[in-house]
Amino acid sequence: MKCAPWDARYTLSSAPSSLPSSFRPLSPSLRPSPRSLSPGGPLFFPAIPLPPVERDRSRLPPAFCSTDSSNSTTTTMRQRRSPAEEEEALRISNAIDEELRREREAMRRRKAKDVKVMLLGQAESGKSTLQKQFQLYYSSSTLDRERASWRPIVYFNILKAIRMILEELDWEYGLGASGSGDPLSVSPGLLPSTSGTGTGTGSGGSGSGSSTHSRAANPAWFPELGLLRNKLLPLVASEDALASELSGGVHVAGGKTGVYVRSGWQALTSANRSWPLAENFTQAGGGGKQAQWAVTNIVAKTLAASMDEVEMLWWHPGVQSLLKGNKLKLEEYAAFFLANIRRIAQADYMPSNEDILHVRLQTIGVTEHAFDINLGGTNYNWLLYDVGGARGQRHAWVPFFDDATAIIFLAPISAFDQYLEEDPKTNRIDDSLQLFTTICSNKLLSNAALVLMLNKTDLLRQKLESGIKVRKYISSYGDRPNEFEEVSEYFRAHFIQVHKRKDVSHRPLYLHFTSMLDIKATQSIIINVGEAIMRSHLTKIGLA
Numbered sequence: 001m002k003c004a005p006w007d008a009r010y011t012l013s014s015a016p017s018s019l020p021s022s023f024r025p026l027s028p029s030l031r032p033s034p035r036s037l038s039p040g041g042p043l044f045f046p047a048i049p050l051p052p053v054e055r056d057r058s059r060l061p062p063a064f065c066s067t068d069s070s071n072s073t074t075t076t077m078r079q080r081r082s083p084a085e086e087e088e089a090l091r092i093s094n095a096i097d098e099e100l101r102r103e104r105e106a107m108r109r110r111k112a113k114d115v116k117v118m119l120l121g122q123a124e125s126g127k128s129t130l131q132k133q134f135q136l137y138y139s140s141s142t143l144d145r146e147r148a149s150w151r152p153i154v155y156f157n158i159l160k161a162i163r164m165i166l167e168e169l170d171w172e173y174g175l176g177a178s179g180s181g182d183p184l185s186v187s188p189g190l191l192p193s194t195s196g197t198g199t200g201t202g203s204g205g206s207g208s209g210s211s212t213h214s215r216a217a218n219p220a221w222f223p224e225l226g227l228l229r230n231k232l233l234p235l236v237a238s239e240d241a242l243a244s245e246l247s248g249g250v251h252v253a254g255g256k257t258g259v260y261v262r263s264g265w266q267a268l269t270s271a272n273r274s275w276p277l278a279e280n281f282t283q284a285g286g287g288g289k290q291a292q293w294a295v296t297n298i299v300a301k302t303l304a305a306s307m308d309e310v311e312m313l314w315w316h317p318g319v320q321s322l323l324k325g326n327k328l329k330l331e332e333y334a335a336f337f338l339a340n341i342r343r344i345a346q347a348d349y350m351p352s353n354e355d356i357l358h359v360r361l362q363t364i365g366v367t368e369h370a371f372d373i374n375l376g377g378t379n380y381n382w383l384l385y386d387v388g389g390a391r392g393q394r395h396a397w398v399p400f401f402d403d404a405t406a407i408i409f410l411a412p413i414s415a416f417d418q419y420l421e422e423d424p425k426t427n428r429i430d431d432s433l434q435l436f437t438t439i440c441s442n443k444l445l446s447n448a449a450l451v452l453m454l455n456k457t458d459l460l461r462q463k464l465e466s467g468i469k470v471r472k473y474i475s476s477y478g479d480r481p482n483e484f485e486e487v488s489e490y491f492r493a494h495f496i497q498v499h500k501r502k503d504v505s506h507r508p509l510y511l512h513f514t515s516m517l518d519i520k521a522t523q524s525i526i527i528n529v530g531e532a533i534m535r536s537h538l539t540k541i542g543l544a
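Read in UniProt numbering, the sequence shown has 229 at position 229, and its numbers run on one by one without any break.
Hint data in this document are derived by calculation from the structure and do not stem from the laboratory.
One thing to keep in mind: the hints can contain errors.
Stated by the list, open to error - Derived EDC-like pairs (lysine to aspartate or glutamate); straight-line CA-CA distance at most 20 Å:
id, residue 1, residue 2
1, Lys472, Glu483
2, Lys301, Glu245
3, Lys116, Asp403
4, Lys469, Glu531
5, Lys113, Asp430
6, Lys231, Glu309
7, Lys301, Asp348
8, Lys500, Asp430
9, Lys520, Asp458
10, Lys540, Glu105
11, Lys113, Asp372
12, Lys113, Asp402
13, Lys113, Glu531
14, Lys520, Glu332
15, Lys443, Asp403
Using the sequences provided together with the hints, build the complete structure.
Spelled out as structure tokens, the structure:
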């Protein structure tokens, strides 16, 4: 090893200037003169050369060594290794490289089995119902475990439907002002719907000014309807308390209808399956979980005692005439639950699959549901994200766009005569088109497969058959026939045009007409959609 010369003769007087001043000798000007060396004067020790020191050159740092690469330390160390040591070092290095390669491959394959699907669309577009259809088909056991948690939600939907009917009766027939009972006070201040939202919340709470409407009805109906109304008021009065219990005290600013729950709410209510009804709860003295869900148990008991009145109200000619005349607009779940009131009011009631699909429930934030799908002998982990569709919740979509495998966009084409609850001037079809435009043009979603479901075709058909004119709400429809085939094709063409003009990646569009309440038809579509998404996913990751 060639090393630089080493001078061991190093004195304080030759210290470099970079050393601290405390290590430097005194300058001549500061040294005391011989006269100052008198007894008692300051002492001065001149710099004394250090004796030479023998250095072990083999232990010098590399900085003192030659930079000749042929004589580098690494080369020297390798030269000192035996062939066996060299072979062992190479084996270890190759083993490490192979382990890293296997980890990367395993990670890629794990990621390949994760399929992230986002359900997007405006509020009440059918996203939650589609999620339940996926769960019913691919993970029915999880739905069975959650079945009891849907019981209080079914009760709430029934109470809401009854309230909407009573409010409309007050407005149309003047029951609250006719002496048959007090004005409906559980939801004061509601007025008839003029926006065509179809939510059915339009009716006068006080009954004032409604006497002019009542003369168009059969006077013989008034005593019967008034009596039913008064008997059902205690049941309807528990609606707000039940909503608060189910929502856990959560209130949404601007929210007018429905129960608002967060992700995982089923776990909080599933224990309700074995709880006693109200009579046993009272005898037990209350407390614990029974006390937490006291309202649900009381509603169950009251509903069982009132099922005759509920059934009579639903089938009463006065109510049916309002439905046929489109004066009473109920949400799609109402007719189903009210027609099955005797089954639902039983003490041992447990929601069926159809009950769960018909339930109307509004979620806050993002609901994630995971289940396995077996395709070709391989299990794939599907993550379904149901994101709140109200305008105030759409900002929560963006964080979930990254790495999305597919987007399923739902557009309720039956909503041509409805307007946004958040913006009464915006038609819901127009809002869906604007939202779909945003999805197509978003670069973060350019690699995701795109599925479009024009949903609620069953309701569209019913509205058209009842005589509701599309051109009354969508002027561009013009004089086209007011028939299902023409109307559905008109909406389909508009969404396809948006995709052609705005889609940033020019990807294929998988389009389906759907009715989420039709289990058999929807599950057939789910199979086709699942296969299309998997083909796109496997192609993207290079495994197709």
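#### Entry: Numbered hints the structure breaks, given as an ascending list
Those not satisfied are hints 4, 5.
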